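Visitor: Chains A and B supply the protein sequences, listed in that same order. The opening position of the first sequence corresponds to residue 1 in full-length UniProt numbering, with each subsequent residue numbered one higher. The opening position of the second sequence corresponds to residue 1 in full-length UniProt numbering, with each subsequent residue numbered one higher.
Treat the hints loosely; a few may be bogus.
[Stated by the list, open to error] Covered stretches of chain B (in silico footprint by chain A; criterion: 3 or more residues with CB under 8 Å from a CB of chain A, positions within the stretch not fixed):
id: 1; stretch: 26-33
id: 2; stretch: 156-164
id: 3; stretch: 207-217
[Stated by the list, open to error] Derived pair list, reagent style BS3-like, types lysine-lysine, alpha-carbon separation capped at 27 Å:
id: 4; chain 1: B; residue 1: K86; chain 2: B; residue 2: K186
id: 5; chain 1: A; residue 1: K6; chain 2: B; residue 2: K2
id: 6; chain 1: A; residue 1: K224; chain 2: A; residue 2: K6
id: 7; chain 1: A; residue 1: K288; chain 2: B; residue 2: K56
id: 8; chain 1: B; residue 1: K56; chain 2: B; residue 2: K86
id: 9; chain 1: A; residue 1: K58; chain 2: A; residue 2: K6
id: 10; chain 1: A; residue 1: K6; chain 2: A; residue 2: K20
id: 11; chain 1: B; residue 1: K2; chain 2: A; residue 2: K283
id: 12; chain 1: B; residue 1: K56; chain 2: A; residue 2: K85
id: 13; chain 1: A; residue 1: K273; chain 2: B; residue 2: K86
id: 14; chain 1: B; residue 1: K108; chain 2: A; residue 2: K273
id: 15; chain 1: A; residue 1: K283; chain 2: A; residue 2: K204
id: 16; chain 1: A; residue 1: K58; chain 2: A; residue 2: K85
id: 17; chain 1: A; residue 1: K283; chain 2: B; residue 2: K56
id: 18; chain 1: B; residue 1: K79; chain 2: A; residue 2: K204
id: 19; chain 1: B; residue 1: K2; chain 2: A; residue 2: K9
id: 20; chain 1: A; residue 1: K288; chain 2: B; residue 2: K2
id: 21; chain 1: A; residue 1: K20; chain 2: A; residue 2: K9
id: 22; chain 1: A; residue 1: K273; chain 2: A; residue 2: K283
id: 23; chain 1: B; residue 1: K108; chain 2: A; residue 2: K58
id: 24; chain 1: A; residue 1: K58; chain 2: B; residue 2: K56
id: 25; chain 1: A; residue 1: K224; chain 2: B; residue 2: K79
These aren't lab readings, by the way, just hints derived from the structure by calculation. This one's a predicted model, so the numbers in the text were calculated from it and none came from an experiment. Glycine included, every Cβ here is placed at the ideal spot set by N, Cα and C.
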Amino acid sequence: MEVLFKSVKELVALAESSKKPISEIMIEQEMLLSRRTREEIIAQMDNNLTVMEEAVEKGLQGVQSTSGLTGGDAVLIQKYMASGKSLSGDLILDAVSKAVATNEVNAAMGTICATPTAGAAGIVPGTLFAVIDKLNPTREQMLNYLFTTGAFGFVVANNASISGAAGGCQAETGSAASMAAAAIVEMAGGTPQQSAEAFSIVMKNMLGLVCDPVAGLVEVPCVKRNAMGAAKALVGADMALAGVVSRIPTDEVIDAMHRIGQSMPSALRETAKGGLATTPTGKALEAKIFGGTKASSDHNPSS
Amino acid sequence: MKFRSVFDIIGPVMIGPSSSHTAGAARIGRVARTLFGRQPEWAKIYLYGSFAETYKGHGTDVAIIGGLMDYDTFDERIKTAFEDAKKAGFTFEFIPEEEEMEHPNTAKIVIGDENSVMELTGISIGGGKMEVVELNGFPLRLSGNYPALLVVHQDRAGLIASVANALAKRGVNIAHMEVGRKEKGKMALMVIEVDQLIDDDIINELRGLPHITQVSTIAE
């Protein structure tokens, strides 16, 4: 089962030589590897898109996590936008609020689609549902957006990591934001190379981001990192569409992310043993939620 | 390549909050359940690394129990898995371990009932993907490049041929195969990586063969 691409360089070269968008290369590779029909693959992605839509809607109505640490911020941001006082602009704030909405639903153990992970699940749908108001895509183009994010995520997952425990938050929200930037460029009419530039520009600005969840929950700072990841994705996409290029090629940026992840101490890789998780307030919140103990569950063990 | 499908990246559809700690954990539990072949009566679950540190906050515990109850990653019953298990008379215990394992998200699941006991160690490699690294003391060396069949069987002459024949009959090509046994004539394990997705018909046919005790697939 040979793959069509293993690197961003190969992906872009293939798209350019065949004059096809990156999303189409991803669909063709999926058909090749899974031996499923295009219709089956599109139908599964369509289902994922529906799950994303429902999570955004649910989050915008306001949800609360059982810990009480997160929830309701998506609503606050939407109300602020409606006041007309926003500084950074409605498109960015819409993406931010929808990323927050999705991740708040995730924290509340709601149904989401991991993109590429659950902790980073807000960024890809958040940016997608924000830019559709401006770009008016068809349903097919919205699905292509997801396939393009998937193509870049595929390279990252196989050459670096998309797991916070393995590579820190740069591997989760960093990957998601970079993937989203690449897809925004394609939807806005940019070239495959511009998608790669957008990916690099955003990833370079997520490098080194640690995974330090308070109380080990996917809530603080995860929800707000999704928010900022969505904002960076939009800015990075705009920069690439403006013609800005990354001095470091995309695959080398991905490799740098991988090496940074490997040299991160385990305290900063989803163990809740460092960073924000070990601030006085972080420790106090953990004690409040778990009583300061991590004893094993007591559910009538037998044997 | 550990990640083969676009749906490993955009997906799975799942109950939050963590793909590696919730969805991946549910899948480890579900593979254990599938290999066991029935609802276990009890489980002892040893958690290592990040799993041991953060399992409560991520719902790793309810997810593994949900998996052991045969719930998929998107099954909303994962949230009530503890209560469901209690109603079903299924008891369990979680034991966070200090020991450092090769992978930060590792769970060792020991399950059983009055008839047998099974032990499986799984790792959650990110984005909801998981791998089984040990089964009943047999280390598994899966490339992760292909879908894999796990066949637990009695060590008998001709059994490997009958499994290979069953696959050949359905046009399934074997990419890589390993056979291990603990003792001559006792329990053995076949790990078969194949070129295409494995459907239920194949699994059912293999389960019907004599001297085969458990059949499961991983890397969907």
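Visitor: Each hint: holds or not?
Guide: Do the hints match the structure? See the list:
With 0 residues having a beta carbon nearer than 8 Å to a beta carbon of chain A, the stretch 26-33 of chain B misses the requirement of three or more and the stated coverage is violated. Only residues whose C-beta sits within less than 8 Å of a C-beta in chain A count toward coverage, and the stretch 156-164 of chain B has 0 of them, not enough to reach three; the restraint is violated. Here the stretch 207-217 of chain B counts 0 residues with a CB under 8 Å from a CB of chain A, which misses the bar of 3, and the coverage is violated. At roughly 35 Å between alpha-carbon atoms, K86/B and K186/B are farther apart than 27 Å, so this suggested pair is violated.
Among the hinted pairs, K6/A with K2/B is consistent with the structure: their alpha-carbon atoms are about 12 Å apart, no more than 27 Å. Restraint check for K224/A and K6/A: not satisfied, since their Cα atoms lie roughly 32 Å apart, outside the 27 Å limit. Restraint check for K288/A and K56/B: the C-alpha separation of about 14 Å stays at or below 27 Å, so the hint holds. Taking the CA atoms of K56/B and K86/B, the gap is about 18 Å. The hint holds against a cut of 27 Å.
A C-alpha spacing of about 37 Å is found between K58/A and K6/A, which places the hinted pair above 27 Å, so the restraint is violated. With a C-alpha separation of about 17 Å, the suggested pairing of K6/A with K20/A holds against the 27 Å cut-off. A C-alpha spacing of about 36 Å is found between K2/B and K283/A, which places the hinted pair above 27 Å, so the restraint is violated. Note on K56/B and K85/A: the hinted pairing is violated, with a Cα-Cα distance of about 40 Å set against a maximum of 27 Å.
In summary, the hint linking K273/A to K86/B is not supported, as the alpha carbons are separated by about 33 Å, beyond the 27 Å threshold. For a cut-off of 27 Å, the pair hint linking K108/B to K273/A stands: about 23 Å separates their Cα positions. The hinted pair formed by K283/A and K204/A fails the criterion: a straight-line CA distance of about 31 Å is larger than 27 Å. Our distance criterion of 27 Å between C-alpha atoms is met by K58/A and K85/A, whose separation comes to about 25 Å.
With a C-alpha separation of about 16 Å, the suggested pair K283/A and K56/B falls inside the 27 Å cut-off, and the hint holds. At most 27 Å may separate the alpha-carbon atoms for a hinted pair to count; K79/B and K204/A exceed this at roughly 37 Å. For the proposed pair K2/B and K9/A, the alpha carbon gap of about 20 Å is at most 27 Å, so the pair holds. Between the alpha carbons of K288/A and K2/B the distance comes to roughly 39 Å, so the proposed pair goes past 27 Å and is violated.
At roughly 15 Å between alpha-carbon atoms, K20/A and K9/A fall within 27 Å of each other, so this suggested pair holds. Distance hint between K273/A and K283/A is fulfilled; the C-alpha atoms sit about 10 Å from each other, no more than 27 Å. Among the hinted pairs, K108/B with K58/A is inconsistent with the structure: their alpha-carbon atoms are about 36 Å apart, more than 27 Å. For the hint pairing K58/A with K56/B, the CA-to-CA distance comes to about 24 Å; that is within 27 Å, so the pair holds.
Distance check on the hinted pair: K224/A and K79/B sit about 24 Å apart at the alpha-carbon level, within 27 Å; holds.
Against the hints set out earlier in the document, violations occur for numbers 1, 2, 3, 4, 6, 9, 11, 12, 13, 15, 18, 20 and 23.
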